[in-house]
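These protein sequence lines map, in sequence, to chains A and B. Heads up: the first sequence begins at 1 in this note's numbering, then just goes up one per residue. Heads up: the second sequence begins at 572 in this note's numbering, then just goes up one per residue.
These are calculated hints, taken from the structure and not from any lab test. Don't take every hint at face value.
[As the list claims (entries may be wrong)] Derived, one-sided and incomplete: chain A residues facing chain B with beta-carbon distance under 10 Å:
hint, residue
1, Glu68
2, Asn157
3, Lys161
4, Gly163
5, Ile165
6, Phe167
7, Phe172
8, Gln173
9, Pro179
10, Asn181
11, Gly183
12, Ser187
[Stated by the list, open to error] Derived lysine-lysine pairs resembling PhoX-like cross-links, with alpha carbons at most 20 Å apart:
hint, chain 1, residue 1, chain 2, residue 2
13, A, Lys513, A, Lys37
14, B, Lys668, A, Lys128
15, A, Lys182, B, Lys608
16, A, Lys344, A, Lys370
17, B, Lys608, A, Lys570
18, B, Lys715, B, Lys677
19, A, Lys222, A, Lys262
20, A, Lys161, B, Lys608
21, A, Lys161, B, Lys585
22, B, Lys716, B, Lys674
23, A, Lys370, A, Lys337
Treat the numbers as computed from the prediction; the structure is a model and nothing was measured. We put the beta carbon where it would ideally sit given N, CA and C, even for glycine.
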Amino acid sequence: MVELSINKIKVKAEDNMTILDAAKSVGISIPTLCHIKDLIPSGACRICSVEVEGFRNLVPACAYPVSEGMTVETNSARVRRARKTIVELLVENHPQDCLICVRNKNCELQNLAERYSLREHRFHGETKDHAVDISSPSLERDPAKCILCGRCVRVCNEVQKIGAIDFANRGFQSNVTTPYNKGINVSDCILCGQCILVCPTAALRERSAMKEVSSALESRNKYTIAQIAPAVRATLGEEYNLPLGTDVTGKLVTGLRRLGFKKVFDTNFAADLTIWEEANELIQRISNNEPLPMFTSCCPGWVKFIEHNYPDLLQYVSSCKSPHEMEGAIAKTYYAKKLGISPKDVFVVSVMPCTVKKFEASRPELNEHKLQDVDAVLTTRELVRFFEVAGIDFADLNDSEFDNPLGESTGAAAIFGTSGGVMEAALRNAYHTLTGEHLENMELNAIRGLEGVKETTIKIGELDVNVAVVNGIGNIRQILDDLRSGNSKYHFIEVMACPGGCINGGGQPIHQKTDKVVQRMRALYEIDKKMVKRRSYENESIKTLYKEYFVEPGSHVSHEVLHTHFHSRKS
Amino acid sequence: MHNHIFEQYTRNDKSSLIPLLQEVQAIYGYLPEDALKDVADYVGLPLSRVYGVATFYNQFRLSALGENVIRVCRGTACHVKNSANLLFALENTLNIKAGETTKDKKFTIELVNCIGACSIAPVITVNDEYYGRITTKDIPSIIKKYAAKPAKGVQPANVTEEVA
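Next comes chain A alone, as it looks inside the complex (with noise of 0.2 Å):
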């Protein structure tokens, strides 16, 4: 432990600790822009300068570690200058077109201007000018927007792993751009988005949907369906202030309602019946003797990243489509028939907390008779902006139901959402059909949590199944590469690109809180625990719909309908 001294305060800090966080346990506030928490400090922006006594040149707090005794400012006039000519310089390189701007009231540049007051134009020069990167459709790069603060680069490199930006060029022509600035759908990138959920400003947003949703919710002829991931409904509160991991599963069906949808169902209906597939996929595997680990499939941008990166390794992934993608074909072959209506008039709208979800709408293979399984996938927060432009005040809402037979769900579909959750289904499915029991303590603890990878080892009959979950694609290479030279011990492996799994997903709302990941979670685990049915193979429609549909799981209508195949993307 140190003493020193911040703003005449007296602070009691750890040895190691930056003057930043210091600062931040006595209530002191530094602004910071390239700073993210738990990875090593850059101290490229300069913004959280402080004047520490006997030093003659401004500290990055961000970047200093404390020692004891040091004198530190915070708010000296010579800080304040600083700080305010850096933001002064990054605003007048910017293209102040806020109003316009997706980000606007939410955009951590502005918030800085308004901060240090800027109430004139002091600097005018030359300004960058950039093309906008619309090739993928998923994400937009925006460099005109870009205050080069790095945060997307480190996180796509030392969080992710995967490099599929980097700064580029020098000087006044420095931006962050794919190799050979060739656009993003050619490069490396999986479409995560966690890059949008660090970039300070609008460089980094996804790829809207909402035009082609609200031409489909006004035609006369389309017969719009929505459809809720299971994240979503963890997460969309904070857009309005409620307090993290509120659950607004009801408000948000009456939202949809309202909003025009004919239909609203739930993708935790089509979680249910992933299980039902994939935990028959698993137990023919294991029973054929076919390779082994399974890897799971619901996770488009782990499918990407595979398909770009271990090609050769792609018989590992199971078959599944992903929840979303089930619910879209299913709405437009057994419901669509149910109803009497043309496959071509039903148009279904997936609320995900995802960006990589657009791109999976996208892929050619993911289509009934040439017609996309999915039409439109929104994120979280373009569909907070469809409430707000239809005059929903959210928060006041009642809570409604979902429309059935695609609407029902277990508590085992809830937790998809959260990193474990999906390998915790699917162990409570695999166990009652192997074994003809229920899973006793089906809450296993050692697969829920941040870990980036978590393994445990669970007895079913006479075998042992080890299994485990990855959550952050950057986590995933060592046990490819351990499978490539044929060392894997795992039987079932569950791997989510983001951190958390979904509820940490690049299309959920943009902040930095820090416990949005854990409280996000909890939401899930509650969800669960409060259900009566908290298995798949308890769901009612879902044994109806094999009844009268697909036979049995792995059926030949199941494969299908439900099931797909991946290709090599290796350049």
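Following the hints, complete the assembly by docking chain B onto the known chain A.
Chain B only, in chain A's frame:
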């Protein structure tokens, strides 16, 4: 053509990135995209990082040089003597920007911070020849001289036809 250069470097050693890029450039005169991918793969860095390094340092080029390299001095003395106008004249005549190569691969324009011949400012060089105290009026005749002349080591077009 560049595979042999990897032999003397350890795989996944990030510190060999710049020497490897230099060797690639020594072979081709620039950094071809395929070679850049191979280097990235060998040192274990994402292509975006390697591209970033290649575009950061002035010593690396991402496209082949033309047969004739025109270097325009933009040092202080030449700047005072209006070298900016020489550059504009060259860019307009050849219809390329500084750093680029003409479509027929005849000319490349490069900028130099100081050639070290301030006494005859403003200076441009074409290949190894110096042109000092020139004005924009001299540009067309200089370009004409090189446009007609076949570059060193390259056979004139009619001779290659006969061989073929």
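Going down the list of hints, with the structure as the test:
Hint on A:Glu68 is violated. Least Cβ distance to chain B is approximately 36 Å, over the 10 Å limit. Below 10 Å, beta-carbon pairs count as interface contacts, and A:Asn157 has one with chain B at about 7 Å; its hint therefore holds. Against a cut-off of 10 Å between C-beta atoms, the interface hint on A:Lys161 holds, since the closest Cβ of chain B lies about 9 Å away. Interface restraint check for A:Gly163: the shortest CB-CB distance to chain B comes to about 3 Å, inside 10 Å, so the restraint holds.
For A:Ile165, the suggested interface contact is upheld, since its CB lies about 6 Å from the closest CB of chain B, less than 10 Å. Of the supplied interface hints, the one on A:Phe167 holds, with its beta-carbon coming within about 5 Å of a beta-carbon of chain B, less than 10 Å. Because the beta carbon of A:Phe172 sits about 13 Å from the nearest beta carbon in chain B, more than 10 Å, this interface hint is broken. A hinted interface residue such as A:Gln173 counts as satisfied when its beta carbon comes closer than 10 Å to some beta carbon of chain B; here the least separation is about 8 Å, so the hint holds.
About 4 Å separates the beta-carbon of A:Pro179 from the nearest beta-carbon of chain B, less than 10 Å, and the hint is met. Interface restraint check: A:Asn181 against chain B, minimum CB-CB distance 9 Å, threshold 10 Å, status holds. Annotation: interface hint on A:Gly183 violated; nearest CB of chain B at approximately 13 Å, more than 10 Å. Hint status for A:Ser187: holds, given a least beta-carbon distance of 7 Å to chain B, under 10 Å.
Between A:Lys513 and A:Lys37 the alpha-carbon distance is near 11 Å, which keeps this suggested pair within the 20 Å criterion. Distance check on the hinted pair: B:Lys668 and A:Lys128 sit about 18 Å apart at the alpha-carbon level, within 20 Å; holds. Taking the CA atoms of A:Lys182 and B:Lys608, the gap is near 14 Å; set against the 20 Å cutoff, the hint holds. Distance hint between A:Lys344 and A:Lys370 is fulfilled; the C-alpha atoms sit about 10 Å from each other, no more than 20 Å.
Proposed proximity of B:Lys608 and A:Lys570 is supported: the alpha carbons are some 12 Å apart, at most 20 Å. As the CA atoms of B:Lys715 and B:Lys677 are separated by approximately 11 Å, the hinted pair is consistent with the 20 Å bound. Annotation: proposed proximity of A:Lys222 to A:Lys262 holds, straight-line Cα distance about 9 Å (limit 20 Å). Restraint check: the Cα-Cα separation between A:Lys161 and B:Lys608 comes to about 17 Å, which is no more than 20 Å; the hinted pair holds.
With a C-alpha separation of about 15 Å, the suggested pair A:Lys161 and B:Lys585 falls inside the 20 Å cut-off, and the hint holds. Annotation: proposed proximity of B:Lys716 to B:Lys674 holds, straight-line Cα distance about 18 Å (limit 20 Å). A C-alpha spacing of about 17 Å is found between A:Lys370 and A:Lys337, which places the hinted pair at or below 20 Å, so the restraint holds.
The earlier numbered hints that this structure contradicts are 1, 7 and 11.
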